[in-house]
Amino acid sequence: MTEAAVAVERLEKTLGKNKVLRGISFSAQPGEIFGLLGPNGAGKTTTLRIISTLLSPESGTVEVVGFDTRKAPEEVRRRIGVVTADIGVYPRLSARENIVYFARLSEVRGVDLKRRVDAVIERLDIRSFADQRAESLSSGQKQKVAIARAIVHDPEVLMFDEPTSNLDVLASREVREFMVESRGRGKCVIFSTHVMHDAERLCDRITILHEGHVVASGTTAEVRGPEPELEDAFLDLVGAK
Amino acid sequence: MRAVWIVYRKELIEILRDRRTLMAIAIAALATPLVLTVISQVATRTATQTYTIGYTGDIPIGLDVLVQATGLKLEPVADPAAAAKHQVDIGVAFQTGGDIDEYYDPSRQSAQIASTRLETILGQYDAAQAAVALKSRGIDPGILTPLHLVAHPLSSPVQAASNAFLSFFLPYILITMIITGGFSAALDSTAGERERKTLESLLLTPAPRSRLLLGKIAAVTSISLVAAVAAIVSMFVALSQVALPGSAGSNHITLNPVAVPVMIWVALLIAISFSSVTLALGTLAKSFRQGQAYVTPLYFITIFPASIILFIPDFNPSLSYYLIPILNAVLVLRDAIVHNAVEWANLAVTTVSLVGTGALSWYAALRLFTREALLTRS
Chain A
233 MTEAAVAVER LEKTLGKNKV LRGISFSAQP GEIFGLLGPN GAGKTTTLRI ISTLLSPESG
293 TVEVVGFDTR KAPEEVRRRI GVVTADIGVY PRLSARENIV YFARLSEVRG VDLKRRVDAV
353 IERLDIRSFA DQRAESLSSG QKQKVAIARA IVHDPEVLMF DEPTSNLDVL ASREVREFMV
413 ESRGRGKCVI FSTHVMHDAE RLCDRITILH EGHVVASGTT AEVRGPEPEL EDAFLDLVGA
473 K
Chain B
57 MRAVWIVYRK ELIEILRDRR TLMAIAIAAL ATPLVLTVIS QVATRTATQT YTIGYTGDIP
117 IGLDVLVQAT GLKLEPVADP AAAAKHQVDI GVAFQTGGDI DEYYDPSRQS AQIASTRLET
177 ILGQYDAAQA AVALKSRGID PGILTPLHLV AHPLSSPVQA ASNAFLSFFL PYILITMIIT
237 GGFSAALDST AGERERKTLE SLLLTPAPRS RLLLGKIAAV TSISLVAAVA AIVSMFVALS
297 QVALPGSAGS NHITLNPVAV PVMIWVALLI AISFSSVTLA LGTLAKSFRQ GQAYVTPLYF
357 ITIFPASIIL FIPDFNPSLS YYLIPILNAV LVLRDAIVHN AVEWANLAVT TVSLVGTGAL
417 SWYAALRLFT REALLTRS
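Protein sequences, first through last, are from chains A and B. Numbers 233 to 473, taken from my numbering, label the letters of the first sequence in order. Numbers 57 to 434, taken from my numbering, label the letters of the second sequence in order.
Check the hints yourself; a few may be wrong.
Only pairs whose alpha carbons sit at most 27 Å apart, straight line, appear in this in silico BS3-like list of lysine-lysine [as the list claims (entries may be wrong)]:
| no. | chain 1 | residue 1 | chain 2 | residue 2 |
| --- | --- | --- | --- | --- |
| 1 | B | K253 | A | K251 |
| 2 | B | K253 | B | K342 |
| 3 | A | K249 | B | K342 |
| 4 | A | K346 | B | K253 |
| 5 | A | K249 | B | K253 |
| 6 | A | K303 | A | K251 |
| 7 | B | K342 | A | K251 |
| 8 | B | K129 | B | K141 |
Treat the hints as calculated values from the structure; they're not laboratory data.
Next comes chain B alone, as it looks inside the complex (with noise of 0.2 Å):
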């Protein structure tokens, strides 16, 4: 195994000195922040801004009171309709009977959210009247509210919310960190080895080529999972610094002990089989160029499974799912975060599922590095 040793030595050298990887790696440790500082501003923005409903008519008494009280602004408009398009979030004309009109463009998110508020607020404005109207008349207000819910959370609302924002967030970056950190160093070590003609050379010692290539997947594991590492620790810190608003204020967020080692574990079983699969690519590349077409599709088959959580975010599948590359990493880091505990059968067949991937994708790189047209097309 020493020939192992010797060319993942080598490779870690060459990788470390490759602007290209360098700068992956500090990307991806920038990027996160970046994207997290900017999503808990828009966030808080979004959660303490005032919207503006332009409206006509006479508003009805105490219900000024309770607009400006949840963050909506009242201003009297000409029109509601016209200025609910550009002018104003929502417009509403307040009829004569206590018929309101409202207007809004579902395509604009403030209209939306601005709707969301009147409506709450009209709903506790009317049981309000209600309320006192029917003590006038001697009646309880409690005959309106014959059943009472009482919530009992069986786990923190804040932690729940961290969970949910960690289990979309922390899968993607880990997955796409695994990939474009070690994406430049694979193909370096295989294609870029044949365009710098030194793949012969390399052949021509007498070291066994599947431990030339032990080391190269080696090397190349290494430095994915540098860049997953920077990309999440990064991540960490920068949630350590900002916020973000829930129900309950401002949260930061945290992640849950039991998540952190099924992490480091899948990063590790992603980072094998990808190395191996994009080093059987590269081999079969030509150059460093033909490489990046044969692997920038890679990317996008990846990050298809790992978006399902996003639009399915209560997926809940069979065991056999866990067959599927990717798809089952996310899935068991998604059941790590939010539940805080491992479920050792989706883990060994995610373990299983990746180990054969990689071992697959090895002993493909190894038929392509051992065949002759490696030397005779080129």
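If we strip away everything but chain A, and leave its shape as in the complex, we get (with noise of 0.2 Å):
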């Protein structure tokens, strides 16, 4: 097996009188669709802000690609690109100056700002409103936008917290679709969802949390056991079955 590029141990969170993750592990690696499943309030947010930095862990150790999240938080966030259900864009900014900040503020420099910018506004077919204030995009053509600005510094791993949770069918989709390439160009993919039927049709390995533990990991049949489908295992691991 490759080197994890994500790699949580013993992960241990408490957020105001919450104790909301107790000690889970897992590692997810390049080239795979990581699920990252579980109920509402299971602690799968907590976890990515923690991966990615924003939050800290009380105890445990999170690494991304080698790097510890405590000791070099800026390395972490320099190979990491996150894309959540809360599509915020700039309102007052084209497609095209978000996607710009984000790629500056990542780093991202000379030559290499253009043809990066060019090259995701053509990958996630952006162009025909690039130069639209992102105002009056729609939810599809903002999450487009979000996740254009999540990956356009190139990052080792890509989060997905929720993507689809309120787009339509078709900007869903395309998200999706997004998830699949990405894999296949080697990335790390980890994938929160509460969606039993994106995850079995998307991901290689999945860890399922309920109230801060993991109560399942491995591949999806193996999680999926004799049930027909993922989502009678996942009823039956948190108990409401």
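Put the two chains together into one complex; each comes in its own frame, and the hints tell you how they fit.
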């Protein structure tokens, strides 16, 4: 097995009075879509925020491409791209300006800047609205801009936190296709969702979180076990059946 | 420092595309000339206006000529006390034997002006009558005025009046415009960033948070200064067009040369300091609206020390007073305008105080910007 792109070891985190994570461990490899599943409040978003250095772990360790999130947060942030359900874009900037801004902050410079911005615009089919102000874009178009700004610095790890929850069918499909394409390019894709159907179709391996614990981990087939669908196995694991 | 420049540029682009900020600057530029024009017209009207004295009885010989020459008009009335309430500005009853009863309403400004003018005229009339009486007896009227006061003003009275006006008006405009000019931009780049859900993406970039914050402070400072400069330039353009009446006729107001660099320096200090304060408050807020609730009281807190100059024009405080932010800026500016000189010790203490306020606020904003609650609370 290759070196893990993301390695989480005995991670614990308390937010306010809630113990959100209670010693979870997992690892995700380059060239795979790794599913982080669980009901609302299971700790998925907190886990992703710790991996992306927005929150610090209470105990345990997180490494991204060999860099510890506590010791080298800026190195970690150089190597990740995050797409969330809350599609925040700067409304008074155009789609292109939004992407350029994040590229510059991610230290993409010189001739590389134009080349990479043009490349993501092309790749995500943004060209037709690239120079429109973001305030006039549809949710699907905004999500494309959000993806573009997250990948413009060509990160090794991509994290998607419920990326399709505010999107229509067509836009959701495009996001899913993008995840598959990224896997094909050797990226480590971490996909956080509570939509079992999406996870079953896309993920190579999954980890199911429930009340801050890992309740199952393995390939999709392994976790599904004898159940006809992943959803049945999931409901069984979280005690909802 | 590249990240500071990147954030600064982006924030400026966004601010300049924001209708709220542009409107604040436009209002700043337009409001001042408008206010000055109104002040000028009211002042001119007050100075040249004729006030009416309602009277009963016989007017002493020659007094009517003096009254009319001083912008007062005599009008016979039945009851001077009743007439002084609304019909005329003051009421006067000329009694036999030289007694004069005056009736006026102190709550009316016109009554006060008319009363003062009448007192002056009566003083002159009395002196003239006494002089005539003494002369007819072969006595030099000069014995009535054994002391002669000869005034030697050390500066131009016109310039002094101009300085007095500017020392009230200019600090007010400067402080108000700096605060209101950057208000919207500061909230938009902090609370607005949270509300639009762009904050998380911004914090996910490798740029250190201190640099992100510095870029934002620099942008808000710039826009505050633009608003202040727009207001002050328009004020001086207006002052060159309108004139304020004075003892030597209509005067155009000019600013002492020393006051200009002092004003620029003080404006810069206030802008940096206030950008940091408003950004810190904006970072505390979850939404633009909540940010407004936090920042609005700041305006009243800051404008209060500035008001001291209005109520106590000759306020000459000790050096320690120059440690109080805003009050120190107003005092330094007033000293430069009125005395055409810089008290270096006062300016140094003011600089330390305002830079210190800015640094503390920046540190507070940075602490808020780096705490986990910034994301988890929303």
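How the hints compare with the structure:
1. Between K253 (chain B) and K251 (chain A) the alpha-carbon distance is near 25 Å, which keeps this suggested pair within the 27 Å criterion.
2. Restraint check: the Cα-Cα separation between K253 (chain B) and K342 (chain B) comes to about 11 Å, which is no more than 27 Å; the hinted pair holds.
3. Distance restraint check for K249 (chain A) and K342 (chain B): the Cα-Cα separation of roughly 21 Å lies within the 27 Å cut-off, and the hinted pair is therefore satisfied.
4. Distance check on the hinted pair: K346 (chain A) and K253 (chain B) sit about 26 Å apart at the alpha-carbon level, within 27 Å; holds.
5. Restraint check for K249 (chain A) and K253 (chain B): the C-alpha separation of about 25 Å stays at or below 27 Å, so the hint holds.
6. For the proposed pair K303 (chain A) and K251 (chain A), the alpha carbon gap of about 24 Å is at most 27 Å, so the pair holds.
7. With a C-alpha separation of about 24 Å, the suggested pair K342 (chain B) and K251 (chain A) falls inside the 27 Å cut-off, and the hint holds.
8. Of the supplied pair hints, the one linking K129 (chain B) and K141 (chain B) holds, its CA atoms being roughly 17 Å apart against a limit of 27 Å.
Figure legend: structure checked against the earlier numbered hints; every hint is met.
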